[in-house]
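S.K.: Sequence:
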Amino acid sequence: MLKNEGLCRLWLLLGGVSGALAVGFGAYAAHGFPDAPQAAEWVEKASRYQMYHALALLALAGRQSPGGRLTALAGVFFVIGSILFCGTLYLLALTGWPVGKVAPFGGTSFILGWIFLALSAFAGCRSTRG
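What the sequence shown shows, in the working numbering, is residues 89 to 218, in sequence order.
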């Protein structure tokens, strides 16, 4: 596993890139599918979930005490979920390629990420007070 500083940088990088992609895809969904409302709905949903998890990654970067492996696993599952769930919906909307059966694995990854984040509470948080 990466040291705390390395994980902080990784979550900042992935959270920032993921947030930017979510905004870009969300904007495209608002204008890029005039004759395909279902595709626009898929992209809008994917961009919303991607933004939620981009913000979660940024929150992981800001933790004083990263919670060890549990917090790292939360971040890993948030990233996997973004790729599998959001990526599948983007691909389906943009190409029509039927990869929808992969999306539930991404959703499951998101759920696991939140469970690991909750469990990391038992690892404690370091006080920032002097």
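Just so you know, these hints were derived from the structure itself, not from any lab.
Bear in mind that the values here come from a model prediction, so they are computed numbers and not experimental data.
Be a bit skeptical, because a hint or two may be false.
Here are the simulated EDC-like pairs of lysine to aspartate or glutamate, each with C-alpha atoms no more than 20 Å apart in a straight line [to be verified]:
#1 K189 to E129
#2 K133 to D123
#3 K189 to D123
Distance windows between CB atoms, simulated [to be verified]:
#4 K189 to P125: 33 to 43 Å
#5 G114 to T196: 19 to 29 Å
#6 K189 to V164: 21 to 31 Å
#7 L146 to A118: 32 to 42 Å
#8 P122 to L143: 25 to 35 Å
#9 A118 to G184: 32 to 42 Å
#10 I199 to G120: 39 to 49 Å
#11 I203 to L100: 20 to 30 Å
#12 G150 to A124: 15 to 25 Å
#13 F210 to P125: 43 to 53 Å
#14 A209 to L182: 19 to 29 Å
#15 Q126 to L207: 33 to 43 Å
#16 A124 to G156: 38 to 48 Å
#17 G112 to P192: 39 to 49 Å
Ideal placement from N, C-alpha and C gives every residue a C-beta, glycine not left out.
S.K.: Against each hint, give a clear statement of whether it holds in the structure.
M.R.: Comparing the hints with the structure gives:
| no. | hint | result |
| --- | --- | --- |
| 1 | K189 to E129 | holds (17 Å) |
| 2 | K133 to D123 | holds (18 Å) |
| 3 | K189 to D123 | violated (24 Å) |
| 4 | K189 to P125: 33 to 43 Å | violated (22 Å) |
| 5 | G114 to T196: 19 to 29 Å | holds (23 Å) |
| 6 | K189 to V164: 21 to 31 Å | holds (22 Å) |
| 7 | L146 to A118: 32 to 42 Å | violated (24 Å) |
| 8 | P122 to L143: 25 to 35 Å | holds (30 Å) |
| 9 | A118 to G184: 32 to 42 Å | violated (20 Å) |
| 10 | I199 to G120: 39 to 49 Å | violated (30 Å) |
| 11 | I203 to L100: 20 to 30 Å | holds (23 Å) |
| 12 | G150 to A124: 15 to 25 Å | violated (38 Å) |
| 13 | F210 to P125: 43 to 53 Å | holds (45 Å) |
| 14 | A209 to L182: 19 to 29 Å | violated (38 Å) |
| 15 | Q126 to L207: 33 to 43 Å | holds (37 Å) |
| 16 | A124 to G156: 38 to 48 Å | holds (45 Å) |
| 17 | G112 to P192: 39 to 49 Å | violated (25 Å) |
Checked against the numbered hints listed earlier, the structure breaks hints 3, 4, 7, 9, 10, 12, 14, 17; every other hint is satisfied.
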